[in-house]
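A.B. asks: What follows is each chain in one-letter form.
There are 2 protein chains.
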Amino acid sequence: MNSMNHGKSIAAQTTVRCARAALTRLMEPADLPGLALIRALGPERALDFIAGKDASHAAVEQQVTAILNEAGTERWTGLAEALGRWRPRLADLAPERDLGTVKRLGGRLLVPEDADWPRGFDGLELQAPIALWCRGSKQSIPAQGKCIAVVGSRDSTSYGANVTAEIAGSLVQRGFTVVSGGAYGIDAQAHRGALGVAMAVPNELPTLAVMAGGVDRFYPSGNEELLRTIAEQALLVAEVPPGTNPTRYRFLQRNRLIAALCSVTVVVEARWRSGALNTAHHCEGLSRVVAAVPGSVYSANSAGCHRLLKEGSAVCVTDAADIAELAGAMGEHLAVEPQVQAALYDGLGTADLLLMDALPLRTATSVEKLCVVAGLSAATVLSGLGRLEALGLAERRGGGWLRRSQGLEGQASMTTPW
Amino acid sequence: MNSMNHGKSIAAQTTVRCARAALTRLMEPADLPGLALIRALGPERALDFIAGKDASHAAVEQQVTAILNEAGTERWTGLAEALGRWRPRLADLAPERDLGTVKRLGGRLLVPEDADWPRGFDGLELQAPIALWCRGSKQSIPAQGKCIAVVGSRDSTSYGANVTAEIAGSLVQRGFTVVSGGAYGIDAQAHRGALGVAMAVPNELPTLAVMAGGVDRFYPSGNEELLRTIAEQALLVAEVPPGTNPTRYRFLQRNRLIAALCSVTVVVEARWRSGALNTAHHCEGLSRVVAAVPGSVYSANSAGCHRLLKEGSAVCVTDAADIAELAGAMGEHLAVEPQVQAALYDGLGTADLLLMDALPLRTATSVEKLCVVAGLSAATVLSGLGRLEALGLAERRGGGWLRRSQGLEGQASMTTPW
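Protein chains in written order, with our numbering: chain A, 5 to 422; chain B, 5 to 422.
Accuracy of the hints is not assured; some may be wrong.
[Stated by the list, open to error] Calculated lysine to aspartate or glutamate pairs in the EDC-like style (CA-CA distance at most 20 Å, straight line):
1. K107/A with D118/A
2. K142/B with D118/B
3. K142/B with D159/B
4. K373/B with E288/A
5. K373/A with D96/B
6. K57/B with E78/B
7. K150/B with D120/B
8. K373/A with E288/B
9. K107/B with E236/B
10. K150/A with E288/A
11. K107/B with D118/B
12. K373/B with E315/A
Just so you know, the hints here were simulated from the structure itself, not pulled from any lab data.
Start from the sequences, fold in the hints, and give me the full structure.
C.D. replies: Printed below as a string of structure tokens:
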């Protein structure tokens with residue numbers, strides 16, 4: 005969608021922005037038929053179509069169905085039903101008022117047609133948000149490689165609160181932006197830790213809160229002061245328009261935005277069943293790195309982190325240095341032009357391409373090092389090494405790994421004093 | 005070597021036992037040239053050769069060299085040098101006295117020619133011990149699938165001590181034998197936890213201490229009472245003869261025996277550099293599962309466990325149930341005859357064969373489940389899946405894995421409410 009910002013007049017962009025503002029009110033987050041409709045017709049025509057100004061129903065239905073099929077959607081029940089959930093909201097539409105509200109709050113509506121639309125959303129494909137309502141003293145969202153999500157339980161322990169504040173502060177000092185929700189517990193502590201050191205790094209965006217409701221709704225009320233401070237010193241964003249209440253569904257979908265904006269998502273504390281695990285789950289679909297902080301086996305608030313580690317869904321991290329390493333390597337490689345490598349190693353996935361780049365030619369390296377250099381989780385590196393080995397592209401030598409060279413040399417043996 | 009116990013008279017076995025008793029005094033643990041010599045000539049002739057009763061030096065050197073080459077040994081400097089380190093000990097040889105000592109202590113010398121020689125040592129190949137000096141009220145070592153190593157720091161915290169005692173006790177209640185060293189801290193606590201519940205399960209061997217020195221040396225002295233209790237209620241073993249002092253080298257080699265005897269090695273607490281990590285390293289070479297217990301990121305005594313988790317060398321476990329699952333699945337599959345499968349999937353390693361067996365044909369399963377069913381670490385499963393996928397034997401579907409079927413069906417899509 006980034007290509008859309010070329011060749012559009014400012015007037016046209018204003019219309020597009022207004023249409024997208026309206027569409028964020030008509031459609032819930034990640035409404036796939038709605039997003040397919042927008043992709044098929046463009047925001048303005050999509051809005052007109054919903055408003056009933058376009059009669060060619062069958063042709064549009066065919067386009068939307070094709071887009072949904074391509075995206076693998078299963079439960080598509082047709083445009084009539086979708087219109088049935090969008091049209092009741094037409095009466096509430098007042099996009100100019102919403103745009104005015106967010107402007108008055110010192111914010112703006114960021115749309116995919118803007119040059120600074122976060123590239124991280126591209127990974128969401130059809131599920132990318134329609135637009136992003138922003139409110140804050142700093143309006144620019146750093147590149148994905150510079151954003152780290154720090155998430156976790158609402159009912160954090162003092163251990164979790166300490167670890168979170170230390171990690172968040174240290175990440176900001178290293179030039180990263182801490183991204184989290186606006187909830188009690190780990191979320192709030194992540195923002196606090198980031199804001200606490202923000203004076204020392206005044207030019208960066210220290211923290212970014214992704215809200216499940218509108219950016220004018222400081223929810224939960226106990227975090228009102230904190231969220232107001234974030235709006236004053238950093239940035240609040242939401243894909244739903246001002247005035248919107250958070251709902252359970254919106255909380256869950258909000259998590260996909262957190263995952264998409266960040267190269268690494270760190271779960272500091274989470275119960276066995278926790279919303280933070282939902283964020284981690286989104287990361288898997290997006291090939292983002294999930295990291296989990298371990299804790300006492302007696303702490304129910306660490307059980308979710310241990311679960312991620314047991315399942316191999318997360319990398320174990322114990323401090324900001326571990327996380328910066330993961331993100332740093334990730335960031336470096338994001339700058340690489342993927343097409344060049346695709347030509348060289350046709351058929352390999354992105355992760356395997358990163359892995360090929362990271363594999364040394366001469367001295368074998370460890371899985372641990374490969375994770376850091378390639379910016380991939382241990383799980384991804386290990387499965388990738390298996391594939392590359394089977395394809396004859398990687399080779400195990402003396403407990404380490406290297407890129408497959410021409411001649412096969414003898415394997416290093418187990419060492420004893422003799 | 006197990007085949008040796010067929011067709012030997014009791015008299016011959018007595019001679020073999022006596023020769024092996026002598027050889028354990030001449031050779032340090034894992035003395036590869038020595039073990040190659042024993043493999044080449046058999047224990048009795050090897051002993052005679054060292055004693056100078058066999059003149060055919062060149063032919064023996066050739067045999068030993070061939071065995072060492074096959075084992076990949078690099079630093080082989082020739083028989084002359086090896087004889088130079090064994091022969092000075094000939095003067096101290098008194099194998100009948102040593103056998104008498106261990107018998108008087110209520111023990112025996114277990115040799116590879118015995119039917120109950122632990123099969124787990126087979127994994128050590130050339131590095132298997134020459135013999136095992138045993139001392140205890142229970143002389144039988146359970147099968148590898150029933151033995152769990154519980155190891156860790158000498159300077160454990162109260163957290164580590166609690167977790168260790170609980171895990172060890174719960175493992176014994178589940179019918180497992182806890183295996184550890186005789187050190188302070190986690191080792192001692194593992195034995196205490198096992199002995200504490202042993203009254204309730206009187207027919208099993210609750211705990212097994214593998215000593216770095218002789219079974220008559222209760223080292224360290226602070227554990228004398230505990231080690232005496234283990235000898236009275238359970239079992240102490242060592243590959244060095246009675247009277248031998250522990251040395252740093254013997255401690256490190258002792259760890260390979262712990263790893264080999266057990267299906268799973270659990271590291272409860274370990275510093276960044278710790279002997280417990282050495283045991284874990286031995287497990288990798290033996291394809292044994294390593295498990296690590298997480299703890300506070302502020303605890304230096306958990307840093308080694310977190311290191312193993314970060315490196316992907318260990319599976320995260322938080323209680324005995326996790327460990328029993330790992331060991332249970334492992335045990336079931338150890339009973340499978342590997343030759344049958346080798347014919348079906350020629351060229352695959354043992355781990356990949358276990359993985360093929362575990363892969364369902366119809367409903368895709370998770371990596372976590374595959375670990376449990378196949379009894380393999382997450383790391384092994386992931387790299388195996390990569391290989392099997394590349395070979396067209398496994399297939400990823402909807403986030404899970406199954407054995408590759410004939411037709412390729414559509415992938416399950418991401419789900420939203422529509």
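A.B. asks: In ascending order, which of the hints set out earlier in this document are inconsistent with the structure?
C.D. replies: 3, 5, 6
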